[in-house]
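Asks: Listed below are the residues making up each chain.
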Amino acid sequence: MIAEVAALLLAAAAGVVLARRLDRAAAGTLLIGEGILFGIGFAAVVLLALSIAGVPWTRTAVLVAMIGTAAVLARRFAPPSLRAFSPIDVVTLVLLAGYTRFATMAPLWEFDYIGDFGLKGRAFFEARAIDWHFLQTVFVGGVHPDYPPLLPLAFDFLAISRGAWDDAAQGLLNVAFALGLLLVVRHLAAEETGSTHAGAFVAAALLPLAASPWIGLAEAPLVAFGTAALLLLRRGSVAAGAVMLGLAALTKNEGLALIVAAALGLAAAKRARDIARLWPAAAIALPWLVLRAVHHLHTDLAEGSVGARIAGHLRDPKLLFDALAASRPGRPFFWMAMAVAAAIVIRPLLARERFVLAAVAAQLAIYIAAYLASPYDVPWHVRWSWERLISHVAPALTYVVLVKLLPDRRAAA
Amino acid sequence: MIRRALGVVAAIAVAAAAFQPFYLRVFLVNRARMAAMLVDLPYRRTPGLRPFLEHVRASTRAGDAVLVTAPVQWSSAYEYIDARAIYVLAGREVLLPRDVGRARFVAVYRGAAGPPGFAPLWTDANGTLLRRAT
Chain A
1 MIAEVAALLL
11 AAAAGVVLAR
21 RLDRAAAGTL
31 LIGEGILFGI
41 GFAAVVLLAL
51 SIAGVPWTRT
61 AVLVAMIGTA
71 AVLARRFAPP
81 SLRAFSPIDV
91 VTLVLLAGYT
101 RFATMAPLWE
111 FDYIGDFGLK
121 GRAFFEARAI
131 DWHFLQTVFV
141 GGVHPDYPPL
151 LPLAFDFLAI
161 SRGAWDDAAQ
171 GLLNVAFALG
181 LLLVVRHLAA
191 EETGSTHAGA
201 FVAAALLPLA
211 ASPWIGLAEA
221 PLVAFGTAAL
231 LLLRRGSVAA
241 GAVMLGLAAL
251 TKNEGLALIV
261 AAALGLAAAK
271 RARDIARLWP
281 AAAIALPWLV
291 LRAVHHLHTD
301 LAEGSVGARI
311 AGHLRDPKLL
321 FDALAASRPG
331 RPFFWMAMAV
341 AAAIVIRPLL
351 ARERFVLAAV
361 AAQLAIYIAA
371 YLASPYDVPW
381 HVRWSWERLI
391 SHVAPALTYV
401 VLVKLLPDRR
411 AAA
Chain B
1 MIRRALGVVA
11 AIAVAAAAFQ
21 PFYLRVFLVN
31 RARMAAMLVD
41 LPYRRTPGLR
51 PFLEHVRAST
61 RAGDAVLVTA
71 PVQWSSAYEY
81 IDARAIYVLA
91 GREVLLPRDV
101 GRARFVAVYR
111 GAAGPPGFAP
121 LWTDANGTLL
131 RRAT
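Protein chains in written order, with this note's numbering: chain A, 1 to 413; chain B, 1 to 134.
These are computed hints drawn from the structure, not numbers from a lab.
Warning: the hint list may mix true and false statements.
As the list claims (entries may be wrong) - Residues from chain A shown here face chain B by an in silico Cβ test under 8 Å; the list is partial:
no.	residue
1	PHE111
2	ARG235
3	MET338
Every residue, glycine too, gets a C-beta built ideally from N, C-alpha and C.
Chain A extracted, bound-state conformation:
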């Protein structure tokens, strides 16, 4: 896996250059975390651009495009400095090592990898470009040709670096997404609480939420980009947050929904002026929307009469609510602990966390609206997706609850 690790390091280095441009206030682990996430997104965008330009993917073409762009954007080389180490970081590192062992243990096994994200990545890799003919003609269900392509393109980035497709090595991307998000979380929590230990604690607590158990699926990148976007926007780093939002939208349709949810969150937090500053998110998401329309890639949610389906499901909402009630939103003890914890800090949460709370609520409302428009059997659709959808918003929600629970050393000082 040396080639794949080297590719991820290259992407992270290019990403750090982008992060320095987009987030002047970023330093330490925040800069590295943003760099990892921006870097993987940047690599995917480079492959998308090369494909649109008709340039076949080769190691040289990708290297020239990435290093060339990074060199143009770089002002000076200054390695990011790290904040003080906390003993709690050892817990995170051990768990992350365990996650790495799991994610790279075998050729990726999830059916949605073999039948969707990995399949598209492998088909593109064989063609050394986005294979529009394949997307238009693939006949098995579950491929979702219209889904945004960031994850398959990220797989291709690793495969091009190796010069061959290696199923097991693709699991490294899950680790990189989790690491990128945890580094962002660690810095922001330390900054907010004034304590390195508190920052390390929040990162350790969020590891199981960032380290998605669905290896090779788009949940890991969506959680990483989406959570980083919400936390950066919450902090006031709007440009970096907007680019993260755009990368989330290039990962899954749920990421597109998150742009709307984040805008509603900003409105709820009386930051309407910042909504227009989300334009980079739309700019990153738009090319794929145009391409999928130009190439007539079908969208299952939009098939047939959407209005009739919504009206039909609204006539019998019990079906949906029963299905939601019967579904497992992750581990029950976790949500019980979250409910108790949120109750303890309910006042500061409602007073100061309107942005995240409103964005999460809006995102969940959009998910429920999507169920109403579903062309599938609703209980089946809910049963196979609700836990994953909840996993998209759980880390941001957990972060705001934890930082409100932990003592603020800055206030004490």
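Given the coordinates of chain A, assemble chain B onto it according to the supplied hints.
Replies: Leaving out everything else, chain B in the frame of chain A:
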């Protein structure tokens, strides 16, 4: 002071409830055995399909049109097999049965009999690959 302590206890409770013990237990599992289980997981209804398709992949070239077929009776068997064949045979064109006229190869999982006009190229424990007779 009590409020602060309560907050710390609640934060620890959230972290404990979120904790994923598998990411520690994974150091103790038999890696080879678990990897073998995971490799076969997506193919569990069709034992031997993955090595068979890998063998077909090694015997064909990018761009070849391949029909994958199987004498299995259960409902949606073809979709199950095709969904996996398309992944393993990426770069080849995996055909629907109605397009057999365009096939250069026919891969018969757990069987040997192919359509007329095709001759066996090899047979292994999991099936037969036939090539269009020239």
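Asks: It remains to establish, for every hint, whether it holds in the given structure.
Replies: Hint check:
no. : hint   : result
1   : PHE111 : 5 Å, holds
2   : ARG235 : 20 Å, violated
3   : MET338 : 6 Å, holds
Hint 2 from the list above is the single one not met by this structure.
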